[in-house]
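> Here's the letter readout for the chains.
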Amino acid sequence: MYNNKISSLSKNIIKTLLLLSILSVQAMAIKENDISSQMKLKIDKTTNLLQNKKLSADDKINQIFETFDSVFDYLSMSRIALGNNWKKLSSEQKKAFEQTFTLKLKRSYIDKLNLYTNEKVKIERIEKIKQNRIELHTKLIGQEEIYDIVYKFHKSNNNEWLIYDVEMIGVSIMKTYRNQFKEFLSTNSFDNLLAQLKIKVK
Amino acid sequence: MKIFLLIFCFTITLFGEPYVNKQINTTKQKIIENNDFNDDFDSEFTEGRESFVKSDPLSGYNRLMTNFNDFVYVNILIPTATMYGDALPSAARKSISNAFNNLTFPIRFVNNILQLKFYNAGVETSRFVINSTIGVLGFFDPAFNDFGIEEHREDFGQTLGFYGVGAGPHIVLPIFGPSNLRDTISMIPDNMLNSTVGFYHDSSITTTDIIQINTLYYLNKTSLHLGEYESIKKDAIDLYPFIRDLYEQKRMSEIKE
Chain E
1 MYNNKISSLS KNIIKTLLLL SILSVQAMAI KENDISSQMK LKIDKTTNLL QNKKLSADDK
61 INQIFETFDS VFDYLSMSRI ALGNNWKKLS SEQKKAFEQT FTLKLKRSYI DKLNLYTNEK
121 VKIERIEKIK QNRIELHTKL IGQEEIYDIV YKFHKSNNNE WLIYDVEMIG VSIMKTYRNQ
181 FKEFLSTNSF DNLLAQLKIK VK
Chain D
1 MKIFLLIFCF TITLFGEPYV NKQINTTKQK IIENNDFNDD FDSEFTEGRE SFVKSDPLSG
61 YNRLMTNFND FVYVNILIPT ATMYGDALPS AARKSISNAF NNLTFPIRFV NNILQLKFYN
121 AGVETSRFVI NSTIGVLGFF DPAFNDFGIE EHREDFGQTL GFYGVGAGPH IVLPIFGPSN
181 LRDTISMIPD NMLNSTVGFY HDSSITTTDI IQINTLYYLN KTSLHLGEYE SIKKDAIDLY
241 PFIRDLYEQK RMSEIKE
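Sequences listed follow chains E and D, in order.
Its first residue numbered 1, the first sequence is counted upward by one per residue in this note's numbering.
Its first residue numbered 1, the second sequence is counted upward by one per residue in this note's numbering.
None of these hints come from the bench; they were simulated from the model.
Don't be surprised by glycine CBs; every beta carbon is placed ideally from N, CA and C.
Keep in mind that the hints are not guaranteed to be accurate.
Some but not every residue of chain E turned toward chain D, in silico, with C-beta under 7 Å [said to hold, decoys possible]:
id : residue
1  : E32
2  : I110
3  : E160
4  : T176
5  : R178
6  : Q196
For lysine-lysine, the following DSS-like pairs were computed, each having C-alpha atoms within a straight-line distance of at most 30 Å [what the hints assert, rightly or not]:
id : chain 1 : residue 1 : chain 2 : residue 2
7  : E       : K95       : D       : K234
8  : D       : K233      : E       : K42
9  : E       : K104      : D       : K233
10 : D       : K234      : E       : K45
11 : E       : K139      : D       : K250
12 : E       : K42       : E       : K53
13 : E       : K106      : E       : K45
14 : E       : K88       : D       : K234
15 : D       : K94       : E       : K53
Model the full structure from these sequences, guided by the hints.
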């Protein structure tokens, strides 16, 4: 009986420790007040990575995404991109789409970042649009123009602030994908769309 | 006992990550299966009047012109601009770009006034004066670089849009690229501002000169934006509607601000 008490006590301790460790990992997510400073850190880190000539391209990509993965809400983006068509998909299709689309978004983001390796990024301001929407306004000072880049945050299921859309020079990335997919799916099947996306991420 | 707990804690935090990731993935899986999202984005992303299905009567012509332009960009303009860029250092090209930009001040000034953006018109004037003097005829941009004064770009198309004139059908112009009826027509008053007040003030400039000046302008500009067109193309499933969408979205947000 004494042994049982010890083993159940150990079990409780272990459960608590596991819970604490999960919570400590969750704490890496961004809180509302930290959005500006955290994003500045991430953007600066990314700029340094891009300018680092000692790293291979693949290393750069992986490290940049380690920095940004925790703030991009790829699942919501996949859902937004498909609009009404998302509900029509099976679980497997949804997962497959999310995986491929996430890869596409990452490739696209890195591609754009590579164009502006030597340019400065200025964090302009934060706007709280609604209870559940925050916009981070930044400016990229390019060679000939200043590009407005807006990161749009929402509060996810886990109470973290995550990015669900990026607006570059007034163009919402999610809107463009949404319009593209809507037009494509009006005359093509979902499998066709998935195939097309897979070609693009190869 | 306590030391054991500490070590245990430490180990879990270090190595617990795959376990945590598995937790996150299974939570994601449940969300996907149950359609259990706490956030409705549809209202934000549903197009009203901005529907992509708006009429596109010139789509046949537009597609052809998009392909023609693509050929010209990829095979002529971009390679030439790349060579030009290799020959001329970027500082020089930026100066040329600054000078051209300074000369289009009348367009920005007048259109800011027309939209009753008097403060911005004043800002533009400051920029023009500073850059034309300290910035040596506009080749440099001390207004921004030293004083942080930013540009307020307006054109007649935005002025019309400001007063509610709709964009009209999308038109793809040869070489110039995507436009629409309103913005194409607006090129006329803007160019008049350019020629009478700015550039072509001297009537001894011939048509050949004008062509040469414009060629330099576009070649120089392209050399400062290398890689952007190719990058945009990669995101497109269908090139023409994609570029059209980008253009119209960009114009709408330009008009709003």
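> With reference to the structure, classify each hint as holding or not holding.
Status of the hints after comparison with the structure:
Evaluation of the E/E32 hint against chain D yields a violated restraint, the C-beta minimum of about 16 Å exceeding 7 Å. Of the supplied interface hints, the one on E/I110 is violated, with its beta-carbon coming no nearer than about 10 Å to a beta-carbon of chain D, more than 7 Å. At its closest, the beta carbon of E/E160 sits 11 Å from a beta carbon of chain D; the interface hint therefore is violated under the 7 Å criterion. Here the hint on E/T176 is kept, as its CB sits about 6 Å from the closest CB of chain D, short of 7 Å.
Annotation: E/R178 was flagged as interfacial toward chain D, and the flag holds, the nearest CB pair being 6 Å apart, inside 7 Å. Residue-level restraint check for E/Q196 holds (minimum Cβ-Cβ distance to chain D is 6 Å; threshold 7 Å). Between E/K95 and D/K234 the CA atoms are separated by roughly 23 Å; this keeps the pair inside 30 Å, and the hint holds. The hinted pair formed by D/K233 and E/K42 meets the criterion: a straight-line CA distance of about 27 Å does not exceed 30 Å.
Of the supplied pair hints, the one linking E/K104 and D/K233 holds, its CA atoms being roughly 13 Å apart against a limit of 30 Å. Between D/K234 and E/K45 the alpha-carbon distance is near 26 Å, which keeps this suggested pair within the 30 Å criterion. Using a Cα cut-off of 30 Å, the hinted pair E/K139 and D/K250 holds, with the two alpha carbons roughly 16 Å apart. A distance of roughly 19 Å separates the Cα atoms of E/K42 and E/K53; the hinted pair therefore holds under the 30 Å criterion.
A hinted pair counts as satisfied when its Cα atoms are at most 30 Å apart, and E/K106 with E/K45 qualifies at roughly 17 Å. About 27 Å separates the Cα atoms of E/K88 and D/K234, which keeps this hinted pair within 30 Å; it holds. The hinted pair formed by D/K94 and E/K53 meets the criterion: a straight-line CA distance of about 25 Å does not exceed 30 Å.
Going through the hint list in order, the structure does not satisfy hints 1, 2 and 3.
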